[in-house]
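Respectively, the protein sequence lines represent chains U and Y. Going by our numbering, the first residue of the first sequence is number 1, and it counts up by one from there. Going by our numbering, the first residue of the second sequence is number 1, and it counts up by one from there.
Check before you lean on any hint, since a few could be wrong.
The list treats identical chains as one, so a pair stands whether inside a single copy or across any two.
Unchecked claim - DSS-like cross-link-like pairs, simulated, lysine-lysine; straight-line CA separation at most 30 Å:
#: 1; residue 1: K147; residue 2: K38
#: 2; residue 1: K147; residue 2: K45
#: 3; residue 1: K129; residue 2: K45
#: 4; residue 1: K129; residue 2: K213
#: 5; residue 1: K409; residue 2: K45
#: 6; residue 1: K147; residue 2: K213
#: 7; residue 1: K409; residue 2: K167
#: 8; residue 1: K167; residue 2: K129
Keep in mind the hints are simulated off the structure, nothing from the lab.
2 protein chains.
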Amino acid sequence: MFTSNPEDTICAVSTPPGVSAIGVIRLSGAESRHIIGKIFQARDKSFTSMNAQSHTLHFGTIASGDELIDDVLVSFFLAPHSYTGEDVVEISCHGSPYIRRRILEELVNHGARMAHTGEFTLRAFLNHKFDLSQAEAIADLIAADSKISHDLAMSQLRGGFSAEIRKLRDQLLEFASLLVLELDFSEEDVEFADRSRLMELLQQILQKVSSLKDSFSLGNVLKQGIPVTITGRPNVGKSTLLNALLNEEKALVSEIPGTTRDAIEDVLNINGVTFRFIDTAGLRRPEDTVETMGVERTWEKISKASVILYVFDISEADTSSILEDINAISEKIRNTGSRLVLIGNKTDLLIELPHHFRELVEMETIFISAKRRENVNLISESLLRSVESDKIGDTSIISNLRHYEALSKALESVTAMIQGMDEKRSTDLLTIDLHAALHHLGTITGEITTDDILGSIFSRFCIGK
Amino acid sequence: MFTSNPEDTICAVSTPPGVSAIGVIRLSGAESRHIIGKIFQARDKSFTSMNAQSHTLHFGTIASGDELIDDVLVSFFLAPHSYTGEDVVEISCHGSPYIRRRILEELVNHGARMAHTGEFTLRAFLNHKFDLSQAEAIADLIAADSKISHDLAMSQLRGGFSAEIRKLRDQLLEFASLLVLELDFSEEDVEFADRSRLMELLQQILQKVSSLKDSFSLGNVLKQGIPVTITGRPNVGKSTLLNALLNEEKALVSEIPGTTRDAIEDVLNINGVTFRFIDTAGLRRPEDTVETMGVERTWEKISKASVILYVFDISEADTSSILEDINAISEKIRNTGSRLVLIGNKTDLLIELPHHFRELVEMETIFISAKRRENVNLISESLLRSVESDKIGDTSIISNLRHYEALSKALESVTAMIQGMDEKRSTDLLTIDLHAALHHLGTITGEITTDDILGSIFSRFCIGK
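The task is simple: from the sequences and hints, build the whole structure.
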């Protein structure tokens, strides 16, 4: 149940649990000022909460009868000039779990109820402070742990994406009115003059919906972190390389071939972009069952990675197995948009690069010594280029699965409309697809919502937001 | 180094780490308004931070050049009307670790420095917003996890204790001036008229210092939780009783005598008072080394407990061992202020109380069935009475070890002064003890401080407080 009875005044702790200098308790609803007035005494005796001005702060005490609970600062935000659009009161108290609990108890005793997760933001949405995709951006903003995921969320919060969706809906509505015009004339059997105009409009819509949908593959990896797999034959220095990249000893490094059997995941932040490094068991032909599982997992990881770092040992005399691997990986990632980078390791063992490697390698290859941490920075730079070449311009990048699904369905409907136009289907049939497209786009910004949609969005919020 | 250069503007996150709706970052010092002005743009374009009014709130954005960091609320508190007594700015941002870090970086880039733990409160103390014992009360208030420890801290924060210490110092200064008078006349060999007045004053001071010092034993157990030991012969139901009291299965319950070898500690909150329950290995004559250690530990626990619950089995025919235990415990706790409560367990096994127990027990005895959880509430009530009978009246109860130590030293000095008066020592000698007493009392409220004292107090604070 994610409708929020606007009659209720809700309260919650908005800061994390734990002992700290400050804790913040938030109250929203018509009774906020009345309820705080029952327990708060400002140091300025002439102050009453019912006469509080918006955006003012008041020092005083919260008490229950004779029992002094805390010295607090109370902020007032009057409707509609608040986060939720309702009267909001924020209590800044000492960051003691006991004090937070006692204040909440008093608020509830005087008529407030505990807020559900995300209920403050839900009310802000219901009061048209922002649309649904912006509300989702707030949750993403709070969860963002890298510059790029933060910037994606901030851009979505600023409403550029919402404006694009609204423009698409406007274009669909324009199409609808042109269609109605045609309907009016069609009975007179007059071929509608501007049928090409209609088709052109649909093609524009199709292209925009399609490009937004496609941006998800980038948006999702940027938000979640770009998956990078380090692979190669056993003992070529994969774990040593991962360690050099992470600059700390997290993966098991050993001289025994096949030691690293479990995929280890580690996260590296390069210039605000998160890369998820996946170390693998390597590509050696397995000699026992456990190793078979390791090799299978390696191929699974390769198929999921955006960048594959294939490591080989330049002191290796036989290049056939290396060529075999490169071909197999290239085959595996064909048409996936993934990128293969070859890493020639162990430059410390040789004075110069063996001739057979110069000939072998026609692809981008970085020669390093993982052991001595030489040229490892070139790998970081190469990884970063793989993001920048995908350049994040002014167009929106979607990173939300719900938006991706809605855009996919909208795309189907628009595609069906274009097909219908081609096949000169009846206006009635076209209208069904039109309504479907409008519906799916409307769910993104929340013009169309259901309890299910609201529930799944706001239940993922923090308490107190 | 716990002097705080007042030229520095300091900043810190004041809310706990973690992802949440709101995070609060605090800035204090002369440059606060200047620094926030560099990164904060209010939605009201006419607003400038240098013209901000005290106790006002402003919505806007924090940015670094083109990079939008967050939508925030900024509060201004102008000197001296702030927590620290300096200009204070509080930034209420989204509770994202990334955003908190970025804002801190920007504040530091524009001239603030990261605050030490407790440095805001240290500045408040140095700016005479409160004295040292009140500053300590703030740390206690934040750490308080029960009503009684909260109330102790709140009472100390309100300054009653500080006032008592100041009064003691005033009385010592009064004594000093009377002593100087005597000194003036002494050369004329005139016996000073009011020597008895001097002695009376010292006795008053002695009594007050002594009673404050003695309140520590109560204050400390109230703050830390009152230690309660459950003891008795093996298999009389000690663990079952503890479980019944805790209303959950935390201690190991078994039919095998001597199973509970390790002391288990559990905490129970009864009407806002914390009791720390210590289950023991029991008092059986040990049959192996491990049990010997268990029994030794039991005696150690008994000597540290404020309340000893001695459990015996009323279905036991032989009462001699029980009498033996009761006598041994009574002997152990003589003059310690600890309390022994006898618990006759297993009323479920008998229809009525055997005659020999009626005769045996002259002390307070509670008959229960731990197994059926019958009359267990009578134990809770009895425990609570043991606190209330110690009644916490209007006099201060000290719960801080530093205060206890300072009072102990002051008591020694005052005792030495009385002895000196008795022995008609020279005024010069009396003055040495007088200065010592003034010094020790002064360290409590902070009239006298050293870097060491400030360091040990403020380093225990939260960051951002």
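Hint check results:
no. : hint        : result
1   : K147 x K38  : between (44 Å within a copy, 21 Å between copies)
2   : K147 x K45  : between (47 Å within a copy, 27 Å between copies)
3   : K129 x K45  : between (35 Å within a copy, 20 Å between copies)
4   : K129 x K213 : within (26 Å within a copy, 59 Å between copies)
5   : K409 x K45  : neither (60 Å within a copy, 42 Å between copies)
6   : K147 x K213 : within (23 Å within a copy, 56 Å between copies)
7   : K409 x K167 : within (17 Å within a copy, 79 Å between copies)
8   : K167 x K129 : within (19 Å within a copy, 57 Å between copies)
Going through the hint list in order, the structure does not satisfy hint 5, though it satisfies all others.
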